[in-house]
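> Residue numbers (my numbering), protein chains in the order written: chain A, 1 to 537; chain B, 1 to 163.
Derived by calculation from the structure, the hints in this document are not laboratory data. Mixed in with the good hints there might be a few duds.
Unchecked claim - With a cut-off of at most 20 Å between alpha-carbon atoms, the simulated DMTMM-like pairs for lysine to aspartate or glutamate come out as follows:
#, chain 1, residue 1, chain 2, residue 2
1, A, 170, A, 12
2, A, 521, A, 376
3, A, 181, B, 10
4, A, 193, A, 329
5, B, 18, A, 245
6, A, 521, A, 483
7, A, 372, A, 216
8, B, 62, A, 12
9, A, 139, B, 10
10, A, 176, B, 40
11, A, 129, B, 58
12, A, 347, A, 216
13, A, 181, B, 69
14, A, 372, A, 519
15, A, 347, A, 329
16, B, 66, A, 14
17, A, 176, B, 10
18, A, 139, A, 100
19, B, 18, A, 14
20, A, 397, A, 216
21, B, 18, A, 531
22, A, 397, A, 367
23, A, 364, A, 531
24, A, 129, B, 31
25, A, 397, A, 376
26, A, 192, A, 325
27, A, 129, A, 107
28, A, 139, A, 12
29, A, 139, B, 69
30, A, 176, B, 145
31, B, 62, A, 119
32, A, 38, A, 375
33, B, 74, B, 31
34, B, 66, A, 301
35, A, 364, A, 374
36, A, 181, B, 61
37, B, 72, A, 301
38, B, 117, B, 78
Residues per chain, in single letters:
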Amino acid sequence: MIGADAIVKCLEKEGVTTLFGYPGVAICPFFNSILKSKIKSVLVRSEQNAAHAASGYARVTGKVGVCVATSGPGATNLITGIATAYADSIPLICITGQVDSMLLGSDVFQEADITGAAESFVKYSYLVKDAAEIPRIMKEAFHLASTGRKGPVLIDVPIDIQNHPIQTFKYPESVKLRTYKPTVKGHAVQLKKVGRELAKAKKPLILAGGGVILSDAVSELNDFAHRYGIPVVSTMMGISSMSSDDPLYLGMIGNNGRSYANRAMQESDLLIVTGARIADRAVSSPNLVTNNTVLIHIDVDPAEIGKNVGPTIPIVGDIKHVFADLMKDPVSCDFSSWVGTLSSYRKAEAPRKAPRRSYIDPAKFVEMLSSKLEDDAVYVADVGQNQMWSCGYYVSKSGRFLTSGGMGTMGYSIPAALGAKLGDMKRQVVAVCGDGSFQMAMCELATMVSNDIPVKMIVFNNGYLGLVREYQHNTYNSYSMVELGNTPDLSKIAEAYGIPFVRLKSQAKMEETIDSFLEQKGSGLMECILDPMDTVR
Amino acid sequence: MKRLYSILVENRSGVLSKVSGLFARRCFNIDSLAVGETDDTSVSCITIVSSGDKGTLEQIEKQLNKKIDVIKIKTFSEEESISRELMLVKVKYTKANRREIMEVCEILDAKIVDMSKNLMLIQICDTPEKTALLLKMLGGVPIIEVARTGTLALQKCTLSDQA
């Protein structure tokens, strides 16, 4: 057995069945060893997309996503994907080949200091210098990636270490990390205080962030909210933690969120923030949040608590456990008049300005598409105006809404969707992107076709990088660098890859087009012609 | 506000860069930094003096705690600690000012550890204020080179007992 065999063996021990990668000389021992394994390795068309696909896979399966690339440019291409996963706390194992360990630091062909370069985007990284250490490192890496605040872990393996013989292979049962013990259960004294605040509160509100979904606490959140009748708003990453038809759910907050959700934030007297970092796009002035509000901040990462907003009651712990514990001591309270007030705000919300008639209304489209999806479908939104329309009008049932929230990485949706589909072939997966983001990732159509991964893709074509144009227009009253000009004929792109294509130009045809698009088997590409000057609001 | 961080870390390659990189990335100040092995060779101690508002100082501790290689952090104010800095100063002397330099060294408990016909190497090991004072008192003397270690600090014994 050699080092590369050991890596594969460790992946098998961790229950990995699928990985995404791109080869090069420095990682060839690994891709040779994997021939003997049942693990499915999916060849993507660019390393960045291997990380995004692993991210989509991880978010749908709840397992750790794995991506593998070679040294030098292969590794540096991974970085955007790693940073994207880091910003959204997605558990990934990223394995990179490296030049011979005797040559490290001498700038030989395809050498890049990837552990150094990726340092601020990884939860932890390893440069393996001894093949015998591989089992311990792999065990630790999976543990680190998937516990506490999840995130990507990078393992850089020089080619000679991959080829080095290993005498005996023993996968450790447990990890010994004296420095790493994430808190799972919330502190009992702090939890008691929540009950007391709840009894005093008149206008409580829960802000659900991505942490709710990451800690698999969706049902606990719903149980808690319903037990006391507390309304819920979400961050972008928290979308799909509650069903859209739930009377307690008010939608997304933030500068692109619903006005009544933001109003609820301003008026609440008890704000329970769960698994959210209260960043600038969600709350424009975080330091004002605590002015009239008791703030309870629940997060598994102690550093998030008090980073952007000083909480009244900090609770460090896994949200799933914290909610379950909070249910143990029932408090009597009645917030029905507050819920009533909020629903009157909701009714008073002015509808979005409709685009010119000859174009598709993207908001109506997202609403219709998502309501027609199967209940547990996965909806992947890209970045840009398409994301804002998706966040605003996505009808959430019991499915998952995926997007690159923290990093806002364009080109995320196509590779993440194919990863998500491979994670659960039984679930319906759609990717919604703009003509800009689609062109960043359309090379992955080949991955989809070659590996029989049926994903439905929708491209909102407005000929612009719309969200940037909107920003420039609002800021400078002019715009530049945002005209996409000659976007290739998407019907021909689809044809080239052998993917069925449909172009939707008229609002009247929307329903029948969506129906037949969703009904047809296999992949599909739909192009929606949007008003070039349409705006998010 | 000044704050001292005594950070026990795994004694592995790359750890110092991870810790200092964290300070750079999050725009935390490093006023001084000193590193060395502890009595346990698998553990190094990084002593960092930083400054910032209350929120920043709290974030520094929390973010350091997130680093997998960080074993333990002790943080204290200057009053709660004994801190020392070692400084070496090379000065140019003449017959005229030699006596004066020696007097300054004597008063400030500094030592002359090497000399040539016109150069002197002075060593001082004291609080950062005292080392700064030495430089100030040598004001009129041409200074050729200065090297200092950065602050080392441990919590005062009485406070450590309580902990």
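> Taking the hints in turn, state whether each one holds.
Results of checking the hints against the structure:
1. Restraint check: the Cα-Cα separation between residue 170 of chain A and residue 12 of chain A comes to about 13 Å, which is no more than 20 Å; the hinted pair holds.
2. Proximity of residue 521 of chain A to residue 376 of chain A is assessed by CA-CA distance (about 18 Å); at most 20 Å being required, the pair is judged to hold.
3. Restraint check for residue 181 of chain A and residue 10 of chain B: satisfied, since their Cα atoms lie roughly 16 Å apart, inside the 20 Å limit.
4. Taking the CA atoms of residue 193 of chain A and residue 329 of chain A, the gap is near 11 Å; set against the 20 Å cutoff, the hint holds.
5. Distance restraint check for residue 18 of chain B and residue 245 of chain A: the Cα-Cα separation of roughly 47 Å exceeds the 20 Å cut-off, and the hinted pair is therefore not satisfied.
6. A hinted pair counts as satisfied when its Cα atoms are at most 20 Å apart, and residue 521 of chain A with residue 483 of chain A does not qualify at roughly 34 Å.
7. A C-alpha spacing of about 25 Å is found between residue 372 of chain A and residue 216 of chain A, which places the hinted pair above 20 Å, so the restraint is violated.
8. Restraint check for residue 62 of chain B and residue 12 of chain A: the C-alpha separation of about 35 Å exceeds 20 Å, so the hint is violated.
9. A hinted pair counts as satisfied when its Cα atoms are at most 20 Å apart, and residue 139 of chain A with residue 10 of chain B qualifies at roughly 19 Å.
10. At roughly 18 Å between alpha-carbon atoms, residue 176 of chain A and residue 40 of chain B fall within 20 Å of each other, so this suggested pair holds.
11. Between the alpha carbons of residue 129 of chain A and residue 58 of chain B the distance comes to roughly 35 Å, so the proposed pair goes past 20 Å and is violated.
12. A C-alpha spacing of about 32 Å is found between residue 347 of chain A and residue 216 of chain A, which places the hinted pair above 20 Å, so the restraint is violated.
13. A hinted pair counts as satisfied when its Cα atoms are at most 20 Å apart, and residue 181 of chain A with residue 69 of chain B qualifies at roughly 12 Å.
14. With a C-alpha separation of about 10 Å, the suggested pair residue 372 of chain A and residue 519 of chain A falls inside the 20 Å cut-off, and the hint holds.
15. For the suggested pair residue 347 of chain A and residue 329 of chain A, the alpha carbons sit about 35 Å apart, so the restraint of at most 20 Å is broken.
16. For the hint pairing residue 66 of chain B with residue 14 of chain A, the CA-to-CA distance comes to about 24 Å; that exceeds 20 Å, so the pair is violated.
17. Proposed proximity of residue 176 of chain A and residue 10 of chain B is supported: the alpha carbons are some 13 Å apart, at most 20 Å.
18. At most 20 Å may separate the alpha-carbon atoms for a hinted pair to count; residue 139 of chain A and residue 100 of chain A exceed this at roughly 24 Å.
19. Pair hint residue 18 of chain B plus residue 14 of chain A does not hold up; C-alpha atoms about 28 Å apart against a cutoff of 20 Å.
20. Annotation: proposed proximity of residue 397 of chain A to residue 216 of chain A holds, straight-line Cα distance about 16 Å (limit 20 Å).
21. Proximity of residue 18 of chain B to residue 531 of chain A is assessed by CA-CA distance (about 48 Å); at most 20 Å being required, the pair is judged violated.
22. For a cut-off of 20 Å, the pair hint linking residue 397 of chain A to residue 367 of chain A stands: about 12 Å separates their Cα positions.
23. Using a Cα cut-off of 20 Å, the hinted pair residue 364 of chain A and residue 531 of chain A holds, with the two alpha carbons roughly 13 Å apart.
24. Between residue 129 of chain A and residue 31 of chain B the CA atoms are separated by roughly 34 Å; this puts the pair beyond 20 Å, and the hint is violated.
25. Under the criterion of a C-alpha separation no larger than 20 Å, the hint pairing residue 397 of chain A with residue 376 of chain A is consistent with the structure, at around 7 Å.
26. Simply put, residue 192 of chain A and residue 325 of chain A have alpha-carbon atoms about 10 Å apart, close enough for the 20 Å limit, and the pair holds.
27. Annotation: proposed proximity of residue 129 of chain A to residue 107 of chain A holds, straight-line Cα distance about 18 Å (limit 20 Å).
28. Taking the CA atoms of residue 139 of chain A and residue 12 of chain A, the gap is about 11 Å. The hint holds against a cut of 20 Å.
29. The straight-line distance between the Cα atoms of residue 139 of chain A and residue 69 of chain B is roughly 16 Å, inside the 20 Å bound, and the hint therefore holds.
30. The straight-line distance between the Cα atoms of residue 176 of chain A and residue 145 of chain B is roughly 47 Å, outside the 20 Å bound, and the hint therefore fails.
31. Between residue 62 of chain B and residue 119 of chain A the alpha-carbon distance is near 18 Å, which keeps this suggested pair within the 20 Å criterion.
32. Our distance criterion of 20 Å between C-alpha atoms is broken by residue 38 of chain A and residue 375 of chain A, whose separation comes to about 31 Å.
33. Taking the CA atoms of residue 74 of chain B and residue 31 of chain B, the gap is near 17 Å; set against the 20 Å cutoff, the hint holds.
34. The hinted pair formed by residue 66 of chain B and residue 301 of chain A meets the criterion: a straight-line CA distance of about 8 Å does not exceed 20 Å.
35. Distance check on the hinted pair: residue 364 of chain A and residue 374 of chain A sit about 18 Å apart at the alpha-carbon level, within 20 Å; holds.
36. As the CA atoms of residue 181 of chain A and residue 61 of chain B are separated by approximately 16 Å, the hinted pair is consistent with the 20 Å bound.
37. A hinted pair counts as satisfied when its Cα atoms are at most 20 Å apart, and residue 72 of chain B with residue 301 of chain A qualifies at roughly 17 Å.
38. Our distance criterion of 20 Å between C-alpha atoms is broken by residue 117 of chain B and residue 78 of chain B, whose separation comes to about 40 Å.
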